[in-house]
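Q: Chains as they are written, first to last, in this note's numbering: chain A, 30 to 245; chain B, 375 to 829; chain C, 59 to 1066.
Hints were generated in silico from the structure; no laboratory data involved. Incorrect hints may appear among the rest.
[As the list claims (entries may be wrong)] Simulated pairs of lysine-lysine, DSS-like, Cα-Cα distance not exceeding 27 Å:
1) K147/A <-> K146/C
2) K572/B <-> K43/A
3) K598/C <-> K803/C
4) K803/C <-> K435/B
5) K147/A <-> K862/C
These are the residues of each chain, in order.
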Amino acid sequence: MPQIFHRSTNTLSKASIFGALFVAAGGLWLTLEINRTSWVTRAHEARTQAVPFSHAHHVGGLGVECRYCHTSVDKGAYAGIPPTKTCMNCHSQIWGQSPTLEPVRASLRTDTSLEWTKVHDLPDFVYFNHSAHVNKGVGCSTCHGRIDRMPFVWQENSLLMEWCLECHRNPEKYLRPKEEVYNIAYEPPADQLALGKDLVRRYDVRPRVTCSTCHR
Amino acid sequence: MASPQAEHPIVGPGHTFGTVTDKISTIVLQRRAPLGWWLGFAAGFALLQLLLITVGFLLFKGIGVWGPNVPVGWGFDIINFVWWIGIGHAGTLISAILLLLRQEWRTSINRFAEAMTLFAVACAAFYPVFHTGRPWVAFYWLFPYPNVMGLWPNFRSPLIWDVFAVSTYATVSALFWFVGLIPDLATLRDRTASKAGKVLYGILAMGWRGSARHWNNYETASLLLAGLATPLVVSVHTVVSFDFAVGQVPGWHATIFPPYFVAGAIYAGFAMVLTIAIPLRKAYGLEDFITMRHLENMAKVMLATGLIVAYGYTMEAFMAWYSGNTYERFMIWNRVFGPYGWTYWALLLCNVLVPNTLWVKSLRTNPVYLFLISLVVSAGMWLERFVIIVTSLYRDFLPSSWGAYRGTVFDWAAFVGTIGLFLTLFFLFIRFLPAISISEMRTILPAAELKEEKP
Amino acid sequence: MSAEEIPAVPVDFAGVRRRLDGTTGRRYWKSLEELADSPGFLEFLHREFPEQAATFEDPKGRREFLTLMSASLALAGLTACTRQPAEKILPYVKQPEELVPGRPLFFATAVAHDGYARGVLVESHEGRPTKIEGNPDHPVSLGATDVFGQAHVLGLYDPDRSQTVKFYGEVRTWIQFRTALREALAKQKGTQGAGLRFLTGTVTSPTLAAQMQTILAEFPSAKWHHYEPAGRDNTRAGAVLAFGEPVDAHYRFDQADLILSLEADFVGSGPASLRLIREFARRRKVDDAKPVMNRLYVVEGSPSLTGAVADHRLAIRSSEIEGVARAVATGLGLPVEGGTIAHVDWVAPLVKDLRSKGPRALVIAGESQPPAVHALAHAINEKLGAVGQTVSYTAPVEAGAEDHAASLKTLVGEMRAGQVDLLVVLGVNAAYAAPADLAIAEALDKVPLRIHLGLYEDETAERCHWHLPEAHPLEAWSDARAADGTVTLLQPLIAPLYGGISAHEFLGGFLGRADTKGYDILREHWKGQWPGADFEKEWKRALHDGVVKDTALPSKAVAVTLGDWATTAPKPAGSGLELVFRPDPAVHDGRFANNGWLQELPRPLTKLTWDNAAIIGPGTAQKLGFSIEMTATGHATEVVELRYRNRAVRAPIWVLPGHPEDSVTVHLGQGRTRAGRVGNRVGFDAYALRTSDAPWFGSGAELVRTGETTKLACTQDHWSIDQTAHKEAGRRHVVRAATLEEYAKEPGLFHEMGEDPDPGLSMFPPHKYEGNAWGMAIDLNSCVGCNACVTACVSENNIPVVGKDQVSRGREMHWIRVDRYYQGAPESPDTYHQPVLCMHCENAPCEVVCPVTATVHSEEGLNDMIYNRCVGTRYCSNNCPYKVRRFNFFLYQDWTTPTFKMMRNPDVTVRSRGVMEKCTYCVQRISRTRIDARNEGRPIREGEIQTACQQACPAEAIVFGDVNDPESRVAKLKASPRNYGLLAELQTRPRTTYLAAVRNPNPEMPHG
């Protein structure tokens, strides 16, 4: 009776028994990693906008403070996107005729909103509140990164739930003095942990990790 | 041991190694399958299509196409799940426990009993996934893995225990079954005429040459697996019973559930083995291999487990009364005399009354009668799950939220659909794999015994 | 829609700012109203749904597009795991100053019910009204709302509302209508308006009344007719009978120790019901320290919520009630004839009790009773010296008060005689709701020109040449009086969604001022009312407070004169079954028929949804051999032909314990043909039997078997006549109740009723809750079962409407339900209401069994439900002993209708298919308050958080708060001996507990 299989297949079959295990494990690991990549989270992906508004220029260059535009960041859930009026406060004088700003003037003229593409887009079942954070010493840059260096804003962090929990579980690693919250260039001191622990106590920071904190 | 042996041998007289091998392998190797096979396969396959349609519709519209509601959150879905899992018990029991107990008569039935187990578990596994509201997430959120939400499943929930119990059981049974197959696959590889067959069987046989070392490894492996599988026989249905026992619904919250469920499972399992074995031996003329001895033994096992189950029913009712608990008392009263009372009486008829006729030897050794009884018991076991799930839920604590339940047409479609899946797989199995273990049959032939007597 | 997206809409406010220069916040309402003719809302529609907007405007196209959408959405479920698509943010062009994105603003206004105002505060999210609360400063609503008040939000966004001017069903423009009107009026001018007729419902709006007067001055021979299907004719006539003039009676339940209701359902109906419930319930909040409470006697011909809370209830046919009233009067020594001796064992002790209470007693008669009974009630009150104590009188609040039935009758007569050339119908759906004997339909057809202004293209619109879309009360400027006369200025919360106009603007057209805005009309009127006073200041205060101060009518001295009505005995009731008409508890006279929230609301007592029925008592049912069977797909019952005065309708039978025998109750308001997609062909039309001479009851009805059966959707198993469940409920002490005597003697008796195991029995040490621990106490003694909490919850928590079929299958979605339990004989049972919501058990059975931790405990003791984690095994629901969990078996929520997207509460996730949901204790309100408090570095104040159900409750039966704070109201209540936990013996340790019911029967009275 002629041989059907080459003798090498013996080794192959032996190998396959264990190989299967590695393939399965590898596959799982891969899917998990893909979910954490910026391809899925869209982190570090600069979004182009209808108006080429540059935070790098306004914040970095001119040193405009966050709250000049994002007025409700310390009052409500939403930081607030500035109304056209806010832009025109300056741009009625400066660059009043610049073609790049035509959409802005048009918006005011025709009384229709500017359309911005959302950069930090949480799922609809997540209820994030800015005021709760900035009033307890969480700095803008802690989550949003060096906005003052972004011509077009990108999302600095993954915004994955595990990322939120990391800070909610160890706030002391990230807190900063309230007066530094809007300091976009703030660098944590060497003794951050000590400082953080002290701030947690002073500001009575009790980050909640129960589900209804964000999901309702 | 001698007398029954004499009157019902476990192998018909006059069989040699050759005849056994021929008889069994030709079932697989014959050029074209008998018409009966085609008919059976066609029927099964048609029902399988029905299952696919139902699932499609279910996914499109939502779980609401099935019958559940508030208060009856589970219906046919979990009934069928438990039913199939129960059926899936006999296989491992036969292969593992009877192997360890050196019950030689098992050899001719263990192969298709194990196959039946696998297919039943496959049917059962369908329900836990598709009874959920969002199957597309349920099928992986139930497993513990380091996800981006930083969440783990709830290890306190019996449903999670189910996930592990069932998947382990499926894996071990599959391994056990496959290991057992290897020598036979080799036989087929060597005997088949077609090239494709040689290659396929060859791959599956994993280079089996029947050398002493192979046989040695083979024996050790089966023993090890048998050791592994034995606790599973008990564990799986115990865990399944926890789905109810852990809940606090009157009629679920009972400590007797684990043993009572396991017994019930074996009961149902053997019923199904009979349902398959009797037509099978007729169709392929295997009366010599699956002899009256086998049928009678299985009947005896059914009688025994049936009595345990009956005890379970009695204790349930007794404890309800004895506990003095308002809810328990009402539950059992309502179960027996309430709107769904007929299911309970039907259950007693199928699972307690009818099987007791097996005390009579003439009935116990009448294949037709056994076949009918096996069907009755399967129906009875299905009713048992209906009674436990529905008649406990539909009238629980607050009379204001009492309800009613009825399976919809899609519930029935899914049920017969899974039966279709089972049949399809089973017919494929008997067509392409030896339904009876050739190698093991050889070992129980008189010829084999003679050899051993030589010094 | 995305929570993040919310600041985007509606940009309309921006335009507002431009038109106003340097104004304060309050005044931008003016400009909102100006938006009516600015592209305002439609722009928003286009922006939100650019490609669909075109299709959307064409109703037919809309439906097609909706079906498409729904299909694609169903599929969306399968493609759940993909990257999020990019979303847009649309900021304001100019942002209103007082607006912080994501923070609601509240505006005071009012919603009218049968013409009478109820003060409300409307919650507005970036210009979208999403929720209605009672206005605590309003004398009638007192911060509470009823089911109708809540449901107005859905009514506002109803996509079936009329959207265009129609002429013979053809779309026309306003210009075309105005021209047509001008011509018609020109003709009328000549004849002094001899052929001009107006038909309105009850009008309390001073401005509208003034406008009508000017018009009638313009056209002296024109006439103004009124018709309110569930009006107050008998009450009015009764007053005239007693006092010779149509005065309004105002009751002070807070002063009354004894109330005798002669079929007066003050809980379920009446312009002052909210205040009366509040006053009534306050007198029933007994504690062991001071075990005193008021006592309520009710005589009624059809089970009502008032009868359900009574200490003594006499269920007799409506026609027999006058006899009882006369007997009581005679008993009190009034020269009155015709008293019945039938119920002497009941009347005698009652009279004794009345005498003993004297001025602190009160007799009230229901609208459904004939004028004589009202007159008798007035006479008795006077005799008791109750006038000035528990009752006072004022001039009628209604403008141009007259007998509506008579008024309509005359109008129809004139129409038939061809004396009417131009009929103007304002809002009333006369073609549907008029008494059958008037045969108004063909009378209408005789009028050459008919104009209808209404929210819907209803049955009346169908019969009119012109139909004009009316602006919703939340869309228009107006004013209205409350039951006590207090005026509220109604301010719009949003520009008209469908381009409707208000009645004021419409009537302006008759005075050649078609272009004057409602806002200006209203201000003009009030400028006249506040001479001298700083108008702007008054105006702003009125808008801010929601009431115009000192506009309550002054009480007025009147005296009863006993006429022959007192001395002539009533004519004996005819033979045969008595037919009783009642407005539907949910859809009222039919105007709410297209409101899904209300259609799906389990009617009090019957617990029926999506239907009305011929309701009979258990005895009658037995006699006629009717029975109801519960099935998995609804309650199977028999359809009968209900014959009455040569008219007939087919109606399903429903059996209701406590319903008087030989009597059938039918609810008006169903069986609409042009209500809309929701309300069409729901139930049967009882108006088809109603005649103008007997508006509320009449004898000579027959139930004729048809052999047909049908299925009704009832949310509570029909156990009320199923003895097993009846027994079980008693055995399980679900509702714990006792009499005041028993309670005073042994305050602890409620604890003996069921076992309350010691927490120490648990294997684990009890968990310690630091900080706030939220809990709730529900007073079964206060709860009147009015369902306000249910609608409030639906509105606050974006709860979907599932429809009759799903309710029949036991799949309704309400997070809070009002369970109804009976005690005693089915013929005359005691009724108890028990609102049941998530108990937030400390040992929650649902939590252990969830495989994916989709329901877990928060550190404040809430039982959190996380929709986005739920996979839908339904194990939690199975294991919940209270069965308060609700499951989305299908995609119940309407994800497609754009206006519904605007309606929803942006702070609550809109649940999708396949997930479990349940009461959250309004966690969104808790979170908002907590964050504010923590930002301000202060603890949460007692009473700062109110759950939606609590806020709506007129009886103050629901109290929510921090159980860790011994000073909190809830903690105090939980310390009361009346406090008990439902199914506490299961060791679930519920955070929601109940205060046992205490009834105050008269010891000398036979039971019942």
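Q: Each of the hints needs a verdict: does it hold here or not?
A: A quick look at each hint next to the structure:
Between K147/A and K146/C the CA atoms are separated by roughly 5 Å; this keeps the pair inside 27 Å, and the hint holds. With a C-alpha separation of about 20 Å, the suggested pairing of K572/B with K43/A holds against the 27 Å cut-off. For the hint linking K598/C to K803/C, the alpha-carbon distance of about 55 Å lies beyond 27 Å, and the restraint is violated. Distance hint between K803/C and K435/B is unfulfilled; the C-alpha atoms sit about 59 Å from each other, more than 27 Å.
Distance check on the hinted pair: K147/A and K862/C sit about 41 Å apart at the alpha-carbon level, beyond 27 Å; violated.
When held up to the earlier numbered hints, the structure conflicts with 3, 4 and 5 and fits the remainder.
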